[in-house]
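> Construct the entire structure; sequences and hints are all you get.
Here is what each chain is made of, one letter per residue.
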Amino acid sequence: AQTVTQSQPEMSVQEAETVTLSCTYDTSESNYYLFWYKQPPSRQMILVIRQEAYKQQNATENRFSVNFQKAAKSFSLKISDSQLGDTAMYFCAFMLGRDDKIIFGKGTRLHILP
Amino acid sequence: DGGITQSPKYLFRKEGQNVTLSCEQNLNHDAMYWYRQDPGQGLRLIYYSQIVNDFQKGDIAEGYSVSREKKESFPLTVTSAQKNPTAFYLCASSNTWTGTDYGYTFGSGTRLTVV
Numbered sequence: 003a004q005t006v007t008q009s010q011p012e013m014s015v016q017e018a019e020t021v022t023l024s025c026t027y028d029t030s031e032s033n034y035y036l037f038w039y040k041q042p043p044s045r046q047m048i049l050v051i052r053q054e055a056y057k058q059q060n061a062t063e064n065r066f067s068v069n070f071q072k073a074a075k076s077f078s079l080k081i082s083d084s085q086l087g088d089t090a091m092y093f094c095a096f097m098l099g100r101d102d103k104i105i106f107g108k109g110t111r112l113h114i115l116p
Numbered sequence: 345d346g347g348i349t350q351s352p353k354y355l356f357r358k359e360g361q362n363v364t365l366s367c368e369q370n371l372n373h374d375a376m377y378w379y380r381q382d383p384g385q386g387l388r389l390i391y392y393s394q395i396v397n398d399f400q401k402g403d404i405a406e407g408y409s410v411s412r413e414k415k416e417s418f419p420l421t422v423t424s425a426q427k428n429p430t431a432f433y434l435c436a437s438s439n440t441w442t443g444t445d446y447g448y449t450f451g452s453g454t455r456l457t458v459v
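From first to last, the protein sequence lines are chains A and B.
So in our numbering, the last spot in the first sequence is 116, and the numbers never skip.
So in our numbering, the last spot in the second sequence is 459, and the numbers never skip.
Because the hints were derived from the structure by calculation, they are not lab data.
Computed from a predicted structure; not experimentally measured.
With a straight-line Cα cutoff of 25 Å, these simulated DSS-like cross-link-like pairs (lysine-lysine) come out:
hint, chain 1, residue 1, chain 2, residue 2
1, B, Lys-415, B, Lys-353
2, A, Lys-108, A, Lys-80
3, A, Lys-108, B, Lys-401
4, B, Lys-427, A, Lys-108
5, A, Lys-75, A, Lys-108
6, B, Lys-353, A, Lys-108
Using C-beta positions, here's what the derived DEER-type ranges look like:
hint, chain 1, residue 1, chain 2, residue 2, range
7, A, Leu-115, B, Thr-349, 33 to 43 Å
8, A, Ser-82, B, Glu-413, 39 to 49 Å
9, B, Thr-440, A, Ala-3, 14 to 24 Å
Cβ coordinates follow ideal geometry from the N, Cα and C atoms, glycine included.
Set out below in structure tokens:
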């Protein structure tokens, strides 16, 4: 069975700094999909970034980028020039196929300090 | 605009009552999902449905029931058999076909409290 592990329950950084959130996963499959979702205090889940495992190039979305290390089964999220609005719970997630369910990690609570 | 609507936003249940949480989507997505969120637990899958009139149990289905009579709708009933129903419930849908739009779209959630 696939699992997702986020080893940092909580983090705090100063505004404008760069922060990296860690995520590791376990699977024996070679193709799959990985995600980072953000849940701000409103509790609305928002897709931050996604990556297909067969694509070696790391995904980027504006200030958000990932470091996808397939052999190490690692999928970290880097937030550059962090902003107060980035304060949220961040969930790393794994999906085996497009018609499959998503498995979520337990989340990292990120605080951006003014 | 397309999206997922969950209602109500807040729901209170008395001991022994069944309650139903609504989830409606107009994204033409085939698959729909229900998750439960508790502090420190992440999101745990309750039930999911990949096609109308069919659904599967997730990891914590006991005490819950669902139906999928229409593509757009996937209501969740929390029965009296669910011993600890107080939680935040999230509904999601996904496009299971080709294209770059993979992953879930989420509703805004329902906070259920037992009183």
